[in-house]
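Participant: Here are the chains, one letter per residue:
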Amino acid sequence: MANADVIVIQGSNMAEAHPVGFQWVMEAKRRGAKVFHVDPRFTRTSAVADAYLPIRAGTDIALLGAVVNHILSNELDFREYVLAYTNAATIVSDDFVDAEDAEGLFSGFDPTTASYVQDSWQYAGHERDSGSGHTARERETAAGLRHESHGAPVARQVQRDETLQHPRCVYQILKRHFARYTPEMVERVCGVPREKFLELARAWTENSGRERTGCLIYSVGWTQHTVGVQYIRTGAIIQLLLGNVGRPGGGVLALRGHASIQGSTDIPTLFNLLPGYLPMPHHARHPDFDAWVDGIRHPGQKGFWGGARAYAASLLKAYWGDAATAENDFCYGHLPRLTGDHGTYQQVLNMIDGKVKGYFLLGQNPAVGSAHGRAQRLGMANLDWLVVRDLFMIESATFWQRGPEVATGEIVPEQCRTEVFFLPAASHVEKEGTFTQTQRLLQWREKAVDPPGDARSELWFFYHLGRRIRAKLAGSTLPRDRALLDLTWDYPTHGGDAEPDAEAVLREINGYDTTTGRPLSAFTEARDDGTTAIGCWIYTGVYADGVNQAARRRPGHEQDWVAAEWGWAWPANRRLLYNRASADPQGRPWSERKRYVWWDAEAGRWTGRDVPDFEVSKPPSYRPPEGATGSAALAGDDPFIMQSDGKGWLYAPSGVLDGPLPTHYEPAESPVRNPLYGQQANPTRKRYDHPVNSTNPSPPQQHDEVFPYVFTVSRLTEHHTAGGMSRTVAPLAELQPEMFVEVSPELAALAGLTHLGWAHLITARAAIEARVLVTDRLVPLAVDGRVIHQLWLPYHFGFEGLVTGDSANDLFGITLDPNVLIQESKIGTCDVRPGRRPTGTALRDLVQDYRTRAGIVPGAVPPAVTPGVPVEPPGPTGDGEGNP
Amino acid sequence: MGLRDRLLGWPVYRQLTGTDPLGRGAAARSTRSAELTARTQDADRVARSVCPYCAVGCGQRVFVTDEQVTQIEGDPDSPISRGRLCPKGAASRSLVTSPLRQTTVRYRRPYGTEWEDLDLDTALDMIADRVLAARADTWEDTDAEGRPLNRTLGIASLGGATLDNEENYLIKKLFTAMGALQIENQARI
Amino acid sequence: MADPPHRPTAPAQSSLPAADPAAGAGWVDAPPRMGFFTDTSVCIGCKACEVACKEWNGVPTSGLDLLGMSYDNTGALTANSWRHVAFVEQPRPAGHGTAPVAGNPTGGPAGPASVARSADTVTPTGTEPEVLPGEPPAAARTTEFLGMPAAGPPGRTGSAEGRSDFRWLMMSDVCKHCTRAGCLDVCPTGALFRTEFGTVVVQEDICNGCGYCVSACPYGVIDRRVDDGRVWKCTLCYDRIGAGLTPACAQACPTESIQYGPLDELRERAAVRVATLRERGETQARLYGHDPDDGVGGDGAFFLLLDEPEVYGLPPDPQVTTRDLPAMWRRAGLAALAMTAAAVGAFLGGRR
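Protein chains in written order, with my numbering: chain A, 29 to 912; chain B, 7 to 195; chain C, 569 to 920.
Please note that the accuracy of each hint is not assured.
Claimed, not checked - Okay, the calculated beta carbon distance ranges per label pair:
#: 1; chain 1: A; residue 1: 873; chain 2: C; residue 2: 788; range: 47 to 53 Å
#: 2; chain 1: C; residue 1: 883; chain 2: A; residue 2: 873; range: 51 to 57 Å
#: 3; chain 1: B; residue 1: 27; chain 2: C; residue 2: 879; range: 39 to 45 Å
As the list claims (entries may be wrong) - Here are some chain C residues the structure puts well away from chain A; computed CB gaps all over 12 Å:
#: 4; residue: 783
#: 5; residue: 807
#: 6; residue: 830
#: 7; residue: 851
#: 8; residue: 852
#: 9; residue: 855
#: 10; residue: 863
#: 11; residue: 876
Claimed, not checked - To give an idea of the chain C side of the interface with chain A (calculated C-beta under 8 Å), a few residues:
#: 12; residue: 612
#: 13; residue: 613
#: 14; residue: 614
#: 15; residue: 615
#: 16; residue: 616
#: 17; residue: 619
#: 18; residue: 659
#: 19; residue: 736
#: 20; residue: 823
It is worth saying that the hints were derived from the structure and are not from the lab. Beta carbons are placed, not taken as given, at the ideal position from N, Cα and C, and that holds for glycine.
So that you can see chain A by itself, here it is in the shape it has in the complex (with noise of 0.2 Å):
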């Protein structure tokens, strides 16, 4: 980041949420990098950024979209770059009509099912090998989610065209796609002036080519929406037509907000995925073994996902050890398997629905944190027990106590027949272990201090659960039951508590032979037969050697900048992905000056600053046999190794739900009729038909001047999510010790309301109150001839802790990205009044209130496809199981 000629942060507020990170920033800034900030609010992120551009929430594919068209039409792109490392020349089916010629509708769209069949997207020649054929399932399963590591299957041989010339290229596809995506679309749209669009459009350009490189920042302000990972997308293509991916100084950076999150997907606690980015077998799609890792690995596709045998082969051998065999198919037939969403949403909605027995919250407080709060409350409300392991008592331990369904009376304590176990947990100085943090950088934590009291770290709860459950099971005859018996589980312990060995843990993680213990040093090592167990393949490597690589710590100012030496990054302790992409195709550097990594023609290796993300002594003159397939079918010049035509995805023929391109919809929830479609949201954006999950009317359906305001939610850097380790902690909570909303003068104005004193907020779900801060931080927007006003609230807030508010979440509904079922939660529409709220059930009448006049009806969800827009139904293709 420090390398960076121009910094774009949008969809973040790095200043606020990653203070210590954003030093990075303000380095390369020091050195002369412009700085740029978009965002619906000015923030101490905009404080110290060089340009600030204020933009309607929800809005940024138009803005970005914007940036791709400048770059197109005038020609501004790294060309050398686009035309080796990225698909631009890849010839696309005749088939495919633009959401541009169909009021913002692909081809493919089924109605029944508001999902594509992606046949027509496709290279030409291929149509029919999608992989994926109809997507509604893989939208139930959030399949999006297993292209974290690895690009979606695409067919052997394209068609290019090298000119960029050929009407149906990437290229000119593209060019098409954005061509509306004008200055004057973007200040009609978001509400950015022109001039400061253009400012932004060129110092990105002028930053970025064979010299100079530009970084792009993202954090949670872009994921939840119903558009996210489009939005994310839009990002990427302007970085790959910039040549600022796999480069010192580029990329499109994610910014996440939790210690180990980026663990928690890689070593998943998630229903979609088994650890490495496996997925959890689906019922109807992978009835054994093969058909499970065929739908991995896609035969004869060329990168490293061929190795998928020997991975999935090994997770189940480290799972089930001695019982998992080559001819049982490694116990293959232990796995659950899905059907369809069983995402955190849907599971809140079966519990109010009684469906689910009992919940575990592992240092997570959905009352708080999750959309829709009273959701999340109701359902924890009908189970028949929970278990919440925490440092403090959170607001999703008390709720049936405490919470305000019990002050309207929806919660009864006396009939609420919830069974609460509370066990507190060890914080992170009371236990060991590893954090992976955001870029991919395993660092392991040494234990300081025993846990007081009862308090206990997972690793030993869970173990000592497990070794109860299994002795409780012993004998048993049922097959059910032997997963369990079969399971490897016989962790070495320490101290009078018997704490599991976190390092044994992390051993078997990392994988070793099963014929001599030793641990493995690299997931090529894996084998399928049998011979190799590990944990989580891409964190193969971590323990080589027999030595804990993540507790690496010599001194930064001992190391170069990449600091190879400090913990351990997956895969294979590599720091940038991709960096073949930092030399040109013959490889050599594009430049001295972004020198990273290079092929050493004398010694017939790459080498560099950093551990080549390449196989290491493939020339880059290497072009693969006819037939390879795997590795070995990546050409000497595909640097996306992990795509499987090793090129950087402008199109996305698969592996996105929601179109092959970005394209700007409204949020679910939105003020404003979509200018630049007919349709108005994301045709494909998940949906739930539940009583109580209600949707704000937004244009063109009536009643829309019911809720005319838009809200956004972010953090402060004083508090952390939803105040669990904040509103606790007493230096913290002073420093913002109340819950409040930030208005523009103007709508202070417009809605009586005076600084510092109250205010309340009511959706189709919640009514909140909070005090309100009159601040120029925000301002009303000119949007499409009228004023749009913005109001933001932090979502730290609940009734438990030192400091104590409303919580802003409870202001959300439930709608979620089709690709990974990500809620969009950081934009709504709602109503602002002045004073505080109702108390007692008058707080239910009035959000019923509001729901009568936007006539909402409980339970019916929007439309997915807008009135009126044309809808061609798919040619017979799929049946929306997934079966051709």
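Based on these hints, arrange chains B and C on the given structure of chain A.
Facilitator: Positioned in the frame of chain A, the structure of chains B and C alone reads:
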């Protein structure tokens, strides 16, 4: 203490006879001030740790004296953070030593109106029983067409983004073997 | 041995040379005078300084009140807040000068000498500006400042017409550790003393809570704690710097807004910095408290500001409240000498 010592120790004497006739500096320094040391210098041990808040992964040094955490500050060796911390990271000692921390198991029985105490071992046993009961009640061997499902949708879990990789590994491993699919964390949120 | 030393009959320190207050306070072979340079142009208002200070010094909480002063809920430097981050939301008249946000670059590298010296603390503190670990020196400043027009303020067009440019200033305030310290001058008990580092520290074992110092501070820094009556303020982490460590606030500061080091060197660095900012169009950039000839003889903790001091709540021309003391002392000299003799007699007699 003899008279001489007392005289020599008296600030006014030091003031009148020493280099600080005005009594504003060297002569005014109290014994406590003279003996002051940084408590981190006397720590029994220092653990190298990582900040538990956001995902930047700033290095922390945890100073321990008499089995108490006496200070947590940035680790200057870290190439990521270079010794710096944000307000949350800087408050880490207050976090781990907060008087609001719960250190005993609490139990709320169905329809209860108050918390009760519960022994940790008993709690663990009760939870194991409830897991097995929920699993038995909601177990699905196969779907309608006889294809294997091997699962329970009666158990759900949320959390993990502030937990260690090793912990998440055991959580996923145990739940998967249990047939519990509905395991989620902050990454979805 | 907490007997209050008696006040001598001699000129107050106000008349002593400003350069080396430690030597003037009887320290022989004192280390260089240490201080803070707080560069507000890179402050992100995170308040890590406030928290790190409280964590190290065990400063109690200062109250859970929402003040409505932008993001400042601390309010002021008090006995319970030894660092205080001020937030100034500043609408500016339309057409006033250059664009504020764009003209806010972060400056060129400091001189190699000062970099080397600041790197010379016992532990690498991370507060050396401009130096990336292991980075070749040529790395600094590789692009030209483009000089584009500022982004101004959020949405100053359309409906918000007529509103002016906006900027958000942040500043971490702290005790100034004055060269001529009014608090020290008036302290009757010797609780306040000048350390060998030239800083001004309250000794909690001596302070009797008389409160004379409170009104003597031209900055309103020193303050009594309600529950124990004694006065408390920044010690510049006397215990840490004595051990060769960096004060807690400076160690934590993510963006090097707070820099700690020998005062001479900080002044040199600050001069370079302010020149760079002005060169880049930040015409209002200025130093505050750096001048040994000002009304307090220069501050041990000085600042780079982006506007008038009043904007940040700082007095524009602070004067040591005891500036007339020297004359008064001369007049009172003889009488005081006599009293001292009497006190010696009383002491020796009393202990016999």
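Participant: For every hint, state whether the structure bears it out.
Facilitator: Hint check results:
1. Taken as a hint, the range 47 to 53 Å holds for the pair residue 873/A and residue 788/C, whose Cβ atoms sit roughly 51 Å apart.
2. The given range of 51 to 57 Å is respected by residue 883/C and residue 873/A, whose C-beta atoms sit roughly 55 Å from each other.
3. A hinted range of 39 to 45 Å for the beta carbons of residue 27/B and residue 879/C is consistent with their spacing of about 42 Å.
4. No beta-carbon of chain A comes within 12 Å of the beta-carbon of residue 783/C; the shortest separation is about 27 Å.
5. No Cβ of chain A approaches the Cβ of residue 807/C within 12 Å, the least distance being about 19 Å, so the stated non-interface status holds.
6. Here residue 830/C stays apart from chain A, with its beta-carbon at least about 21 Å from theirs, past the 12 Å limit.
7. Residue-level check passed: residue 851/C sits 17 Å from the nearest beta carbon of chain A, beyond 12 Å.
8. Residue-level check passed: residue 852/C sits 15 Å from the nearest beta carbon of chain A, beyond 12 Å.
9. For residue 855/C, the non-interface assignment is confirmed: its Cβ lies about 19 Å from the closest Cβ of chain A, beyond the 12 Å cut-off.
10. Listed as a non-interface residue, residue 863/C keeps its Cβ farther than 12 Å from every Cβ of chain A; the least gap is roughly 31 Å.
11. Its beta-carbon lying about 18 Å from the closest one in chain A, residue 876/C satisfies the requirement of being farther than 12 Å from that chain.
12. The interface hint given for residue 612/C is met, as the beta carbon of that residue sits about 4 Å from the closest beta carbon of chain A, less than 8 Å.
13. Hint on residue 613/C holds. Least Cβ distance to chain A is approximately 5 Å, under the 8 Å limit.
14. Interface restraint check for residue 614/C: the shortest CB-CB distance to chain A comes to about 4 Å, inside 8 Å, so the restraint holds.
15. About 5 Å separates the beta-carbon of residue 615/C from the nearest beta-carbon of chain A, less than 8 Å, and the hint is met.
16. For residue 616/C, the interface hint holds, the least distance from its beta-carbon to any beta-carbon of chain A being 7 Å, beneath 8 Å.
17. The restraint placing residue 619/C at the interface with chain A holds, with a minimum CB-CB distance near 5 Å, inside the 8 Å limit.
18. Proximity of residue 659/C to chain A holds as hinted, the smallest CB-CB distance being about 6 Å (cut-off 8 Å).
19. The interface hint given for residue 736/C is met, as the beta carbon of that residue sits about 4 Å from the closest beta carbon of chain A, less than 8 Å.
20. A least Cβ separation of about 5 Å between residue 823/C and chain A falls short of the 8 Å threshold, and the interface hint therefore holds.
In this structure, none of the earlier numbered hints is contradicted; all agree with it.
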